[in-house]
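Chemist: Dock chains E and F against the given chain A, drawing on the hints supplied.
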Amino acid sequence: MSSWQELDRVATEFRSEPHELLRSPETGMVMLRGRMGATGAAFNLGEATVTRCAVKLADGLEGHAYVMGRNGEHARTAALCDALLQRPGLHDTIQARVLAPLEQKLLERDMSAASKAAATKVDFFTMVRGDD
Amino acid sequence: MYVAVKGGEQAIDAAHRLLAEERRGDRSVPGLTLDQIAEQLTLAVDRVMNEGSLYDRELAALAVKQARGDLIEAIFLIRATRTTLARFGYAEPLETRSMRVKRRVSAAFKDIPGGQILGPTFDYTHRLLDFSLVGDAAPEPARAAPAEVGIEMPRVLELLGSEGLMEKPSTDDVEPRDLTQDPLNFPAGRDLRLQNLARGDEGFLLALAYSTQRGYGRTHPFAGEIRLGMVEVSFTPEELGFPVVIGEITVTECEMINQFKGSATVQPQFTRGYGLGFGQCERKAMSMALVDRSLRAGELGEERVAPAQDEEFVMSHSDNVQATGFVEHLKLPHYVDFQSELVLLRRMRAGIANDRLEAAE
Amino acid sequence: MTEMQYPSGVIEAAHSFRTIMDAVARPGRILPFTAVPPAPWPLWTTTASVARTLCDFQTPVWLSPELCTEPVTHYIRFHTGAPIVSTPEDASFIFLQADDSMSDLSRFAQGTHEYPDRSATLVIQTASLRNEGHVELSGPGIPQPLIFHAEGMSSGFWDAMARNHAQFPLGVDVIFVSPDAIAAIPRSTAIRLQETV
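Residue numbers (our numbering), protein chains in the order written: chain A, 3 to 134; chain E, 58 to 418; chain F, 1166 to 1362.
Among the clues, some could well be false.
[Unchecked claim] Over 10 Å on every C-beta distance to chain E, these chain A residues come out as not near it, computed from the model: (1) Thr14; (2) Glu15; (3) Phe16; (4) Pro20; (5) Arg89; (6) Gly91; (7) Leu92; (8) His93; (9) Gln97.
[Unchecked claim] Quick list of the computed label-pair ranges, beta carbon to beta carbon: (10) Asp127(E) <-> Cys1233(F): 52 to 60 Å; (11) Ser114(A) <-> Cys1233(F): 50 to 58 Å; (12) Met1186(F) <-> Glu205(E): 44 to 52 Å; (13) His374(E) <-> Ser1293(F): 52 to 60 Å; (14) Glu96(E) <-> Thr95(A): 32 to 40 Å; (15) Glu96(E) <-> Gln88(A): 37 to 45 Å; (16) Met1186(F) <-> Phe370(E): 36 to 44 Å; (17) Ser1353(F) <-> Ser373(E): 32 to 40 Å; (18) Glu1231(F) <-> Val323(E): 54 to 62 Å; (19) Gln123(E) <-> Phe1333(F): 44 to 52 Å; (20) Glu385(E) <-> Gly1317(F): 53 to 61 Å; (21) Pro1308(F) <-> His374(E): 44 to 52 Å; (22) Gly1317(F) <-> His374(E): 53 to 61 Å; (23) Glu385(E) <-> Gln7(A): 35 to 43 Å.
FYI, nobody ran anything at the bench for these hints, they're computed from the structure.
These figures come from a predicted structure and were not determined experimentally.
Think of the CB as a built atom: it goes at the ideal place given N, C-alpha and C, for glycine as much as any other residue.
The shape of chain A in the complex, shown without the other chains:
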């Protein structure tokens, strides 16, 4: 969900991890769905571009990624992080150095959007009719 720029910044040091590509980055589409009346049965809404990638580390760990958009490096880096997260000695490091900062960034972004929206909330005050 994070932007490539942000992932690139926090994951640089892990991108040198040797790996083979089980599936080199490829772009396709996923059909998105909505629900009739927001909560009812599903319907097909329209597609979105998605790029996927799968990697295998020297120790056999596999990592998979599907990310919206067309950025192959994004998918590859995400797949690499997915694989490294499964390596017992590295899980906490990736969690702390990659995932936590990205989550923080998303939270800040959401917070900023929510507070700008909140500023546009209407305060109603009732006018008293004179002819009563």
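Modeler: Same frame as chain A, but now just chains E and F:
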């Protein structure tokens, strides 16, 4: 009848060169960047994503640039691009309940839990041209107010639903049909209708929606709730077998509350229409909800008298890529067809002249 | 701006598709078929190539018991995205090892009169394919009646294939795959068993 005609290759080549030059315009004016289009012509980009039926801001911005701002041409470009891409599968339905709301209004209730949030709307502008935009002066920053994130806003229609005043949407979890995969047959069903409307031409849907308000298949609508915001996209790859959040998108949603309905066995309750689209597309989402409700005429036992209630009419004419293809193909060579009609007409006239001559004799 | 990232195997898939298409267009003709991707045993690389070319998330796959190993199901899911189903009648593609006891094709999807295309395609792994023996093929795409042999298929199977043709436009299509070649017998092909002397 079409007959292949060779020739004109050089003329076509030169026409493309001329098109490229006209697209660029005056070279002393800086060229547009995709970032500028994606960031500043946001709603044009949203429309292209919606009707092109592909969520990708960057591709939509490129299409707008390539099409010189002709949005139907841009939509055509996006539809063509779609066909070059493999499909990985179907995402989980978007949960608009957990939308991170940027705008949320209800015209049915004044006081709603979570409040009326106006968001970035044209609604209260005076529609006077703003000459401060002639230059590139930075606007004042948006105001901020204390807010929480991660809270769900209750739905207006669910509040009515809990009292039994609102019809419940059908939740049978059958696999929805997909009009990009299967030939369209009538009657189509609401799943296919909503998919068709979601990619349908905004102008066409707007006109149809307007016609229902003017009495052609009236549904007595209230805007129950309109939302704009971000939702997560979840997808379950076959090889993983569990859903993964792969990104998030902006959507606009409109829930219409419509004319109530009851029967001997069912207490009267409001009916509903639904609209959902990519990006900020309020006019489209509202029109879609109105037309969705009108198209439910058969299901709700209403007499079908107006165009907006005619599923086949609406669904067969809503797609602007199909429509433009058929209308604009008329400018392609029809020399042989026309020649045959010309010959026929001349022969008829000659025949009539002969008859007159014979009658006179 | 990011350019489109097309799948790396897209050129191979196009070649493989062309060969499969030619095989179906000229029933019984044995075409050399080489495949690049490695595949998990007991799936041959040629069979794997057919799967990767033709199957996707909308084509449920059924694997016969001898092919239905964990590495194979994992491979199919990963490379094609196709769901693996346990009931053959729900599958669009059926992968089988040649088996001389096979004599019933009616348990696979036969299509409907409205949508004859909603039928199964059988992909059968056979040790060898030869234009000899006692099965005679004729019909669209076959200029002169053609003799055909797929190792491991019994006369019971060819009787079933004849019945399959009889219900055209319904019925299944069959693709035979050997370790280095491919041949197809679609439902449009008439089958005649020559008297063995």
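Chemist: Please name the hints from earlier in the document that this structure breaks, with their numbers sorted from lowest to highest.
Modeler: 12
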